[in-house]
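Peer 1: Chains as they are written, first to last, in my numbering: chain R, 79 to 220; chain U, 198 to 283; chain F, 5 to 271.
Incorrect hints may appear among the rest.
In silico BS3-like pairs for lysine-lysine, Cα to Cα no more than 27 Å straight-line [said to hold, decoys possible]:
id, chain 1, residue 1, chain 2, residue 2
1, F, Lys105, F, Lys150
2, F, Lys150, U, Lys280
3, F, Lys224, R, Lys210
4, F, Lys214, F, Lys224
Treat the hints as calculated values from the structure; they're not laboratory data.
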Amino acid sequence: MQLAITKADLQTITDHCMKGLPNEACGMLGGKDGRVGKVYCLTNAKPGPDYYEMDAEEQFRVMKDLRGQGLDLVGLFHSHPTGQAYPSSVDVAQAYWPGTELPNYPDAVYVIVSLMDRTKPVARGFSIEEGKVNEVSLVVIE
Amino acid sequence: MADEIKIDRTIDIRGQVCPYTFVRSKLAIEKMNLGEVLEIILDHKPAIENVPKSMENEGQKVLKIDQTAEREWHIFVRKDKEKKKA
Amino acid sequence: MEFTEDQILRYSRHILLPEVGGEGQEKILNAKVVLVGAGGLGSPVGYYLAAAGVGTIGVIDNDRVEMSNLQRQIAHNTNRVGVLKADSAKETYETLNHDVKVVTHKERLTSQNIMGIIRDYDIVVDGSDNFPTRYLVNDACVMQKKTLVSAAVFRFEGQVMSIFPGQGPCYRCLFEVPPPPGMVPSCQEAGILGAVTGVIGTIQATEVIKAILGIGHPLKGKLLLWNALDMSFRTVKVPRNRECPVCGENPTIRELIDYEQFCSMSH
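Turn these sequences into a full structure, and let the hints guide you.
Peer 2: Set out below in structure tokens:
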């Protein structure tokens, strides 16, 4: 499995993450067939250097916009200001769990941007489902 | 007088001060059965207010407080509440 | 139970609490808790459990006290550099409270010895803070249905979770397999603020005492997160994974695993 993204979109993501420092930043990715088409930069509703929560209202508006544009939710992104580009225990606990009341994004790729080196942000993608974390390659195109 | 109340156990803790007055009273009443009455003999004035208050806070019933001498009090407490067994 | 005069004085502040009383104190004195590691997290856990009067405290550690430990491992001190940590902890805790018996287990935990060691205890506290041990302890506790209070610290952050096998999620429900090496930070490289281990370890101790007494709400199915820099305390729900390989409906892990150590055990 892989997620394709343009250099420009990846830059948008990274810029939003840098702007969010020292706290985590977050957003959603719309697209189709494993390719990112639109980046939505969201507000961190509960900002912390090691925590994020997407605002419910904003999520709702994004989903509405996706539907209107005929796009799917292909991914979610957030930053780790001082951590590695790998899901933390919190990330795993809050990702998709069938049968719970958590957000329903089973096929979303979790893109995590590490800002440990502020001059060289690192972005990686993962699928997270019920305790299983698998890396998904991010293919930068064009 | 106190002879209307049937006493099941008496502890004489004259000489004790707060908070040990309540600590010892509590330990004594823990070992008793529901409905039984504990008589506590004290000579520490602050305890006369604190012990009844703490006992009632834990659901026990203070029946009577007698002052039998210038520095001697008897408190009669009935065990109305028991901690749930885990 | 009849308390001695010393015990009435020593535990008076516990006995006063409606949720504890003499009955609760008796439970604490009869409890048997084992600490995995007598380091940064183990030190405050053991200290407060000893203060509380936990009758038997096991300490599993076969490292020696080093100078670099003393910034946070408060069960030890300058005079004990070079001494085995388990022995040092024993001296500290038994001196604080003569009611406490510390049993030392001066060995490295492996799949071969852990079952035998934890069998005699009611509650296990994981202060090892390294992945191979975390999984080993988790699996062993699930298999023996022992309550486990697990924590991790890093730089200025810490997290705690209490595992009640069969009633709530275990560590594998959250992370089925250990993350690949290099993907998770290690205390050694990243550093840790000493007081952070104190707070987190003490939180572990309170979870243990609550479990002994059966009071309050345990961190069952909850991950408590603390960031010392912005002083945020958050709780994240941890779902129980019905298909968890060790505590799920159809467990696939039936034997303990010794994952390879990819970093030093010192913490």
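Peer 1: Evaluate each hint against the coordinates.
Peer 2: Going through the hints against the structure:
1. Among the hinted pairs, Lys105 (chain F) with Lys150 (chain F) is consistent with the structure: their alpha-carbon atoms are about 20 Å apart, no more than 27 Å.
2. Using a Cα cut-off of 27 Å, the hinted pair Lys150 (chain F) and Lys280 (chain U) holds, with the two alpha carbons roughly 25 Å apart.
3. At most 27 Å may separate the alpha-carbon atoms for a hinted pair to count; Lys224 (chain F) and Lys210 (chain R) meet this at roughly 21 Å.
4. Taken as a hint, the Lys214 (chain F) and Lys224 (chain F) pair is honoured in the structure, with Cα atoms around 12 Å apart against an allowance of 27 Å.
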